[in-house]
Every structure is written in structure tokens, then in C-alpha cells.
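**Q** Using the sequences plus the hints, can you model the full thing?
Chains as they are written, first to last, in our numbering: chain A, 1 to 292; chain B, 1 to 227; chain C, 1 to 223.
No lab work stands behind these hints, which were simulated from the structure alone.
Beta carbons: idealized from backbone N, C-alpha and C, even for Gly.
A few of these clues could be false.
To be verified - Only some residues are given here: those of chain A computed to face chain C with a beta carbon under 10 angstroms:
1) F21
2) V73
3) G158
4) G197
5) D198
6) P214
7) Y219
8) Y220
9) P221
10) Q223
11) G229
12) L258
13) Q262
Stated by the list, open to error - Here chain C is said to cover these stretches of chain B; the calculated rule only asks that three of the stretch's residues, wherever they fall, bring their Cβ under 8 angstroms from a Cβ of chain C:
14) 10 to 23
15) 30 to 37
16) 41 to 48
17) 78 to 91
18) 112 to 124
19) 187 to 198
20) 204 to 212
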Amino acid sequence: MAEGKRDIVEVLKAIDRRIIFLLIALAVILPLAFHLVFSVHSSPIVEAIFDKVESLPPGSKVLISFDYGPSTVPENQPMAEAVARHVLHKDLKLYMMAVWATGPPQTEVLIRNVIQTDFQDKVYGVDWINLGYKAGNQGLINAILLDLKGMYTTDINGTGIGEFEMMRDVDNLTDMSLIICIGSGFPGVREWVQFAGDPGDIPVAGGVTAVEAPLLYPYYPRQLLGLMGGLQGAAEYEAALVSKYPQFEASSEQAIQLMGPQTVAHLVIIAFVVVGNIAFFAERRRERRRKA
Amino acid sequence: MRVQIPLIITFIVGIALIVAIFVPHDPFHRMNEEFSVYFDLIAVFAFILGGGNLLKIHGNRISRRSRDWKYSIVTVVGFLTMLIVGAFKIGGPPGLTGDVTAEGSWFKFMYDSVFVSCQATMFSLLAFFVASASYRAFRAKTKEATLLLIAAFIILIGRTPLGHYMTGWLPQQLEFLHIPNLSNWILSIPNMAGQRAIMIGIALGIISTSLKLILGIERSYLGGEGK
Amino acid sequence: MAQTLELWIAALLTFMIFSFLYKDNPFYKFAEHLFVGVSAAYWMVIGIWSTLMPNLVARLWPSSVSGFINMPEDAQPEYHFIIPAIFGILMLTRLVERISWLSRWAMAFVIGFAAGTNFTRYLQSDFVGQIYNSMYPIIVKADGGFALGATISSIVLIVGVICALIYFFFSKEHTGAFGAASRLGIWFLMVTFGAAFGYTVMARISLLTGRIQFLGSWLASIF
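**A** The structure is reproduced here in C-alpha cells:
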């Protein structure tokens, strides 16, 4: 019996890393293949953003900054799309820009998935505008806090900024009713709080990758009015949106759909930690006995 | 020339930006505005420098036939192809008008097929390594490590729908033990306390380093000559 | 046709990078090196077209960009933009060893800007702001009564911040009451790291899910 136990410990200790890789791949592939979907409930930190967008009167200006790239699209894109859908549905003015060079292609995806699909009646330059990317990281935020048109002389297509109706009464970031940074690192939500929210007294909300989310909690709620953290944060915003506006059920459940594999993979990781610890303690006990 | 002028530039720019916060009027307000725009423009030259540096390093590796030099050819060819199709806006809107990442442009094609797939896949590899590390490295050897693991488990379960299924049946008096509530509490209270202490520490470090840079005490960015 | 080609190249590169999970191999190296080259050029091109042309060239020499940027007909050159142009060119001297020391002038500007802005921004948001954010009532009342849960949370938060700060204070030996507070600080930091670990796992799994979803759509395009 003792021999058998020892064997199991040895086997557990010597598991090839490729078997672990295979198990984690299966944990993601199988729920995706079988469309495993769970219902999602929103948390107060996400509801705070939803409620803020709800409370803004029509015509208010909302800026979304696309500060992420392809590496974090599964987490960030659903957030951006859910928020944009909400903003446009509430007849708010949507301004889109990017502090990351990889932001503009993601804006294009949003335009295709949200504006051209659900809001074809919205007019470019009147209801929404794509300002594009400018270099400078936090320097850009600092510059447009003082003078937005000094940096954004044109929109993304090279058309003079003065030609757009919705840009006429915008001088700098303080004209925005809400800034939402969808980010995945530097520069991101932290820089928007430091360089725009705090000095300009502008409400800032964030949607970030799960890696970054815990780091930003110290800003909440006085400096950061709400935060969507990772895929769960995106799914929570989608859940809040769909619950209030069921017409978006078909188009706004990207993150909710992905929470199935996410949940199973979390369970598998927990199982790895538990089994790893069982093997460790069994080994330690055996060594103590041997020494005794 | 090599040391004094950079120190003077850093001092003037740094001090002007600090003063601009306390005296938000011209000339400091204007300096803040202009320096921010200048900084953004110089950042583009840093991108160009990055490209130039890449060519220089991989060019050297190819000419010297260094280890893995054949892969350097791949880097250089990829770089030049992307640079040419982007600089001349080949495909997409006619001529040089319109957005460089517009649908139909070759630049967008290369971005979607090469850049997106490589970057996204490289980051996704980390899922496998996190899984492997979870199995091999996370051990409840001490009280502190056990605390870390418990917090991690609560977050892992509480930040998925699983948490609702597991403890959703709890009566209202025990609502605080509901796993999603516990995970929210961990994030909003102990996590926030720890992160806040770290944030204050980092802020103090950055503030003192900034002052040392502005006053010319910290000169490592000048290379060896600044000492 | 272009879309199919794009999908196939992307799928091929995805498999090349995933092959690293087995072991380092020439396919992975090929994809890795291609990515480095393409991404460096991407940043350069985007920087040039999004910022350099409309914000520098168009301001120094408006007529030169009139073919592709909508400039007012009476746009006049703004000569002070020669300053960032000079600094930018100085930065490029780093590529020429003999005069590379000139790039320090540009670096000095960048560092001066970063130091000047960081000094005030970190002071306001991450130092004073965080102290202000910690100033909450310890005894919390809600709906006219004593709120036990919120009071406990408030106490835990303030004790946590102070103890974790004590842990980072190395100018005094961590013994006695100070040592006990420091140990409590470690516990708070451990919970913080636990939360960070949980969230990191969550992030990495999400990215893998996205990639598997892409491969699924590629497979669907075949069958």
C-alpha cells in the first residue's frame, strides 16, 4: 500500500509539463465547442460606470480611448463595444481616440460591429467621431487636457477638425462629461487619472485587463468612478446592458459567451494547485518519516 | 557641451512644468502646452530611432554571419516590407489620402495577418506557463503563502459565475460569505490597502527621482560622462 | 481571396508560435523574428502618418502636405515647431557613433518633461490623493444605525494601509510593536498578491480563449 502511495507521489511529481499544457487547452476548447454559457451578475464597481452613462443627459460628450492592442482583444474589445453601444443608445456624443498605436484598428472593429450594425442612423461628425492615434503617451493626455485641437488638427482620415459639428464646442478634455479608457497597460487608466481626471476634475472610468485591475483599486471611487476588470468586468457590463436593454441580447454578449471556458479553466488551475500541494505535502511527510 | 547643455535643458523643462501647475498663466501655461506637443512629436522620432536601430543590429548580424543570422534576414525583410507598404499607403484609399490602416490597404493586411496573430498568440502562451507554474510552484509552505493561495482561490471562483452557483443559496444573514461578495471585499479592502501602500511607496520614489533628475543629481541618462 | 489568404497566414503563424510549447524550434524562431520586424515598422509608419505629418510637417511646411491632409488654404508656417524637429533629428544621431552624444540633448528634453510632469502628477494622484482616499470615517453609520460590516471594513482598510507602509519602512528595525505591525503588513500584502495572482490567471486564460476562438473560425472556414 505504502509502495503504491509512493508511486502516485512520484508520478505526480514527474508529470510532464506538456500534459499540463494539454489539459489547460482542453479546459478551454471543450466548453467553447459545447457552447457552455453561464449567467453573469454585475458588481458595484462595474455598475458605477453603467449608472454614470445612464445618468448623462442626451448630447453629453463621452470620450473612449482605445489603449490596447491585439494581445488583449478578448478582454478589452467586448468592454469597448458594450460601452459604445450604451453611449450611442443614450444619444450621447461618442469621441474615439487612442494613446496606443494599436488602438485605431480596434476602433475600426468597433465601428464595424457596433455603429455599422446597430446604429446606422448615427451621423459621422455629428454623433460620433474617430480622432485616431497620436504619439506621446502621457504627454498626449497632458497636451489635450490643455488644447485638444492643438494635437488633433484632423480626424483619423485627415479631414480638418473644424469641419465637424461635434468638435465646434470642444476646446480641451474638460469639455468631456466622461472619459472611459479601455486599456491594457502603460499608458492607460492610471495615466488618464493622473493627467486628465485629477488635474481637470473630469470623471474617468476604466476598462482594463485582469492583470491590471487590482492595481487600480486605490483610485476607486474618488479618482476613478468605476472599473471593468478583465473578461468578467466586460461580461458584467454586458449583463447590465442586456438586462436594461434586451434588444442588445444578440449583439452584446461576446464576453458572457467566453465566461464558460474561463470558468472551467479556473477550476482546472485550482485543481493543479491542489494536486501540486498534495504531492508536495505527501513527499514532505515521507521525507520526515524517513529521517525519523 | 556634452554634459552641461543636457543638464540645463532637463532643468529648464522640468522646472517650467512644475511651476506651470502652481502658476497656470503665461508664459508657464504656454510652455506647458508647447512642451507637451513637442514631447509628443519627439516621441515619433523615438519610433524612427527604434526602426533604425533594429536595421543596424540585424544588418550587423547578417554581415558578420552571427548566430541565427538567417532569422535576422526574416526580421529585416518583414520590417522593410511593412515600412514600404505603410509609408506609401499601398492599396486602400487612393494615393496618400485616408487612414493608413484603412480596410483594403496592404498595411492593414500585414497587420491583421502577421502582427495580430503573432502578438495575440505570444500572449496566449502565458496561459500554459501560468498553469504549469500553478502546479509546480504554488505551495502552502508557510502561513503567508497559505493566505496568498486562499485569496487567489476566492478570486478565481468569485470572479466567475461559479461563485454564484456555489454559494447563491446562502441566507441573507450569511450573505457576506457569498463567494462573489467575499472576492469583492478582498479586492476593495485588503487588496486596496496593500496596493495603496505600494502606490504611495512608488509615488515617493518617482517624486524623489524626478527631483534628482531635474536638479542634475541623477545623471545616469548621460552615460558615463555625467559622473 | 485576400481575406482567405489573411486567415491562412494568421493561422499558420499561430501554429508556429504555439509550437514553442513543445520546444524551441525554427518555426517559432521564424514567426518571432518576423513579428519583431513587422511590429517595429508598424510603430514607425503609424507615428509618421498619425503625428509627424499632420502635427509637424504640416505646421512647418503646410503646402507640402496639402495633397493628403485637409489644411486651411491660408495656413501659415508655425516656425517654433522647428524646435521639436531639431530635437527629433538630434535623437536620430544616436545611430551615428561619431556624433551620438548629440542625442543626449533630445533625451534631456524627454527626461525633463517626464520628470516635471511625473513630479506633480504622482504627488497629486498617487501620494496626496491616496492619503485623501484613506480618510474615511472609521465608525460608519447607515440608515440611522451602526453599520458593523462597513465599520470593520473601514478599520481593516486603514490598519492595512498603515501596516503595509510600515513593512516598507526600512529605516527602523522591525522589532517589538513595529515588527508586529510589519508582520501584519506582510499578511495584507500576501492577500494583495493572491488577488493579483487570481487576476493574472484570469487574464491569461482569456487571451488563450480568444486565440482558440480564432482557430475555431479558421477551421470553420475550411469545412
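**Q** The structure should be examined with respect to each hint, and the outcome stated for every one.
**A** Hints versus structure:
1. Below 10 angstroms, beta-carbon pairs count as interface contacts, and A:F21 has one with chain C at about 5 angstroms; its hint therefore holds.
2. Hint status for A:V73 relative to chain C: holds, with the closest Cβ pair at about 6 angstroms, below 10 angstroms.
3. The beta carbon of A:G158 comes within 5 angstroms of a beta carbon in chain C, closer than 10 angstroms, and the hint placing it at the interface holds.
4. Residue-level restraint check for A:G197 holds (minimum Cβ-Cβ distance to chain C is 8 angstroms; threshold 10 angstroms).
5. Checking A:D198 against chain C by beta carbon gives a least distance of about 5 angstroms; that is within 10 angstroms, so the hint holds.
6. Restraint check, A:P214 versus chain C: the minimum CB separation of about 5 angstroms is within 10 angstroms; hint holds.
7. The restraint placing A:Y219 at the interface with chain C holds, with a minimum CB-CB distance near 8 angstroms, inside the 10 angstroms limit.
8. The restraint placing A:Y220 at the interface with chain C holds, with a minimum CB-CB distance near 9 angstroms, inside the 10 angstroms limit.
9. With a cut of 10 angstroms, the hint placing A:P221 at the interface with chain C holds, because the nearest CB-to-CB distance is about 9 angstroms.
10. Against a cut-off of 10 angstroms between C-beta atoms, the interface hint on A:Q223 holds, since the closest Cβ of chain C lies about 6 angstroms away.
11. Given hint, A:G229 at the interface with chain C, holds; its Cβ is 7 angstroms from that chain's nearest Cβ, closer than 10 angstroms.
12. Because the smallest distance between the Cβ of A:L258 and any Cβ of chain C comes to about 5 angstroms, under 10 angstroms, the interface hint for this residue holds.
13. For A:Q262, the suggested interface contact is upheld, since its CB lies about 6 angstroms from the closest CB of chain C, less than 10 angstroms.
14. Coverage of a stretch by a chain is defined here by at least three residues with a beta carbon nearer than 8 angstroms to that chain's beta carbons; for the segment 10 to 23 of chain B and chain C the count is 10, and the condition holds.
15. Against chain C, the segment 30 to 37 of chain B contributes 4 residues with a C-beta closer than 8 angstroms to a partner C-beta. That satisfies the three-residue criterion, and the hint holds.
16. For the segment 41 to 48 of chain B, the stated coverage by chain C is satisfied: 8 residues place a CB nearer than 8 angstroms to a CB of that chain, which reaches the threshold of 3.
17. Beta-carbon proximity to chain C at under 8 angstroms applies to 9 residues in the segment 78 to 91 of chain B; the threshold of 3 is reached and the given coverage holds.
18. For a cut-off of 8 angstroms, the count of residues in the segment 112 to 124 of chain B with a CB near a CB of chain C stands at 13, and the three-residue condition holds.
19. Under a criterion of three residues with beta carbons nearer than 8 angstroms to beta carbons of chain C, the stated coverage of the segment 187 to 198 of chain B is upheld, 12 such residues being counted.
20. Coverage of a stretch by a chain is defined here by at least three residues with a beta carbon nearer than 8 angstroms to that chain's beta carbons; for the segment 204 to 212 of chain B and chain C the count is 6, and the condition holds.
The earlier numbered hints are all upheld by this structure, with none contradicted.
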